[in-house]
Amino acid sequence: MFVCGFLCDHDGTACVFAVLIFPSEYDSYLYYPRLVWSPNRDNPVKVNATLQLRQDGGLLLMDSNDTLIWKTNTRGKLVSGFKLTEMGNLVLFCKSNDTIWQSFDHSIDSLVPGQIMAPGQKLISSISATG
Numbered sequence: 001m002f003v004c005g006f007l008c009d010h011d012g013t014a015c016v017f018a019v020l021i022f023p024s025e026y027d028s029y030l031y032y033p034r035l036v037w038s039p040n041r042d043n044p045v046k047v048n049a050t051l052q053l054r055q056d057g058g059l060l061l062m063d064s065n066d067t068l069i070w071k072t073n074t075r076g077k078l079v080s081g082f083k084l085t086e087m088g089n090l091v092l093f094c095k096s097n098d099t100i101w102q103s104f105d106h107s108i109d110s111l112v113p114g115q116i117m118a119p120g121q122k123l124i125s126s127i128s129a130t131g
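Per my numbering, the sequence shown starts with residue 1, numbered consecutively.
Derived Cβ-Cβ restraints for the label pairs, each shown as a range:
| # | residue 1 | residue 2 | range |
| --- | --- | --- | --- |
| 1 | ARG34 | SER96 | 27 to 37 Å |
| 2 | THR13 | PRO33 | 18 to 28 Å |
| 3 | GLN52 | HIS106 | 15 to 25 Å |
| 4 | ASN97 | ASN48 | 30 to 40 Å |
| 5 | LEU53 | GLY114 | 21 to 31 Å |
| 6 | ALA14 | ASN97 | 33 to 43 Å |
| 7 | PRO23 | ASP56 | 34 to 44 Å |
Hints in this document: simulated from the structure, not taken from any laboratory.
The structure presented is a predicted model; accordingly, all values stated were derived computationally and were not measured.
Ideal Cβ positions, reconstructed from N, Cα and C, are used throughout, including at glycine.
Could you put the whole structure together from the sequences, leaning on the hints where they help?
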């Protein structure tokens, strides 16, 4: 099962917005949640950071002091909302449900089943073994 949200260390001094895969009773190979995608995995935020879907179509990750950490570059697009698919793809969509932006186009260090790696894309190892 995939979920998205903020994942923080024990004292909340370092958080990432992330898509995670959580183990189910059928996953004998997965014992704890694993990070699948994060726009800020190497640039954590503090507690009270926000993910904002703006009226202008931009999805922004802001630190607790309102510093811009990451954005989708979809400002001016007709974004109606965003969703997390069953495959773990975070998708911004328009009124006709067409995809405007998707996390699958912005891989970090993992691919999930059904995700395609297109020419020009690359996987980049993380600075830590856990995320």
